[in-house]
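There are 2 protein chains.
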Amino acid sequence: MKEAHVVAIEAAVKAVSEMKEINHIYFVACGGSLAFMMPAQYIFDRELDIPASFYPSNEFVYRAPKALGKNSLVITCSHSGNTPETVKATEVAREKGAVTIALSHLEGSPLWNAAEYPVHYDWGKEADPSDLNKGVLYSLIFRILNTLSPCSKWEKAIKSVDGLGAAIEKAKAQYADTVREWGRKYKREKLIYTMGSGASYGEAYSFAICLLMEMQWINASCIHSGEYFHGPFEITDFDVPFIIILGRGATRHLDERAYNFCRKYSNEIMLVDENTFDMSDIDPEVQPYFASLLSGAVLRSLADELAYQRGHDLGVRRYMWKMEY
Amino acid sequence: MKEAHVVAIEAAVKAVSEMKEINHIYFVACGGSLAFMMPAQYIFDRELDIPASFYPSNEFVYRAPKALGKNSLVITCSHSGNTPETVKATEVAREKGAVTIALSHLEGSPLWNAAEYPVHYDWGKEADPSDLNKGVLYSLIFRILNTLSPCSKWEKAIKSVDGLGAAIEKAKAQYADTVREWGRKYKREKLIYTMGSGASYGEAYSFAICLLMEMQWINASCIHSGEYFHGPFEITDFDVPFIIILGRGATRHLDERAYNFCRKYSNEIMLVDENTFDMSDIDPEVQPYFASLLSGAVLRSLADELAYQRGHDLGVRRYMWKMEY
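Those protein sequences? They're chains A and B, same order as listed.
The opening position of the first sequence corresponds to residue 1 in the numbering used here, with each subsequent residue numbered one higher.
The opening position of the second sequence corresponds to residue 1 in the numbering used here, with each subsequent residue numbered one higher.
In short, the hints are calculated from the structure, not lab data.
Just so you know, not all the hints are guaranteed correct.
Intra- or inter-copy, both count: the list cannot distinguish identical chains.
Within a straight-line C-alpha distance of at most 20 Å, the following computed PhoX-like cross-link-like pairs (lysine-lysine) qualify [said to hold, decoys possible]:
id	residue 1	residue 2
1	Lys264	Lys159
2	Lys264	Lys322
3	Lys70	Lys172
4	Lys66	Lys153
5	Lys172	Lys322
6	Lys170	Lys96
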């Protein structure tokens, strides 16, 4: 990881360590950036005795949670640093006295200026994965954990961020044939369901709303594995396609239960099983927290292949960035 | 409202008032019962300086938030009182020392026995709406608010629960023609999107997963109005059907923005506008909190009409209650 990233992260962590009291941690962003932070909220829930939650930026701004204040830690993210709702959310949080940390690819952006502690991440194929958004987020949250509740586990977690690149390559290689076959087979689908829970729910959510709906104009619906049996499972049928993530973490049981039912009635399941990943580059104690990042990489390969098979480039938009909205 | 309901609610509220400290309020349930409590979480967020959040029951059980403990208030709900995940969640919360309140239609059910403070609600067409699930939930949460932060507004809110029945009838009458037309026109749709935010998000969510997916086997996807522009809006097209709730509360701007865009590109929008409801039976100060309940009643009428037009009774299931899962 680049020294500049570590310096920015450590400044943010120092501010967190100096908070007299933290009674709540808010993760606030829009769309893919919100989904990207969901595993962080999950990890804090599991490991900190401080409750954490996530909000879409404008829901946070207009709902205006009354509990937001000087005992709040607010972590926001916008890739471009220009998402107006997220800039506003960060401003609101800072005005209320919260400690604000913002992740962005663009230094000097409105978000960068809105947050007290902006943290940069790299982007693009040439960057080391530890310097990309997920590597930087995980470095930040494991350092926060190591400050608020120091433990050798967090030292190992911080080191494991450096193994992310190798682990991702292995996961992609492992799924390469399956991904190719899936793209070919499902290129004419009009609707695809995704399902996950725990640390991996965010990947299921962003695949539905960003990769399928936004970038492929394919109808999609993300189901929480724990909600599947309480309504959604009634749409299951032999020809209904699902992408199911079997997590490696505490909520795997939910995913397994949903998968075991779903596969009896649907013949069209794409399974991403985090227990099959080679995670030797990541410390065993924290593998459950990194596994969803590997699922994310496999899902991204699915989107790339689908885009190729359909001749519908992932960069094509009809509304986004094309007009006022 | 029945005296027995008031007695049970007041016992629960007394326990809340006797908590030394409350650092978090968890709403935990599955499917429709989870959706049903979402407006309560919204109201607490708006009005209490104690953070609140909601979890699907098994996500809560297996994720096992570390912050859960004696300073937690946990409110669960299961209509039958038999939902195993919700019973377990209540047991886990109680073991950890949280104050547990459970809402259920079935006295003496496993959920009833799991919670320290069970609260009954009525069911069926003959019951007064103030004694049905939503009336009882609102009576509970406004009484909790009135204990934790006493104010004439909460007295008015508690009284307004008695006006719910009349307000619902007016909303249903207002939308009767639109509902009939909608059911006829959309009976052959294979996929319907729903959209909402704030207090009304839960209604959009439960219409998608319970009414459409579960009870009509129609594909559905619920979009948060604040997330629409960050991915989902790219699937908008002239023939894509949406049901959009324009809320009456703090987040109405999000809904309006999504609706104003969506209607330019889709010709198939069913709009439920909470600002058009006659809410004279509800105190003006708390109308924004009751409006989503009226939207819920209108959406229920839509489902009834769709079921009639399709000859697919809302009570039909192929998996639920039919087998082990």
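Check your understanding: Which hint numbers doesn't this structure obey?
Key -> When the structure is compared with the hints, numbers 1, 3, 5, 6 turn out to be violated.
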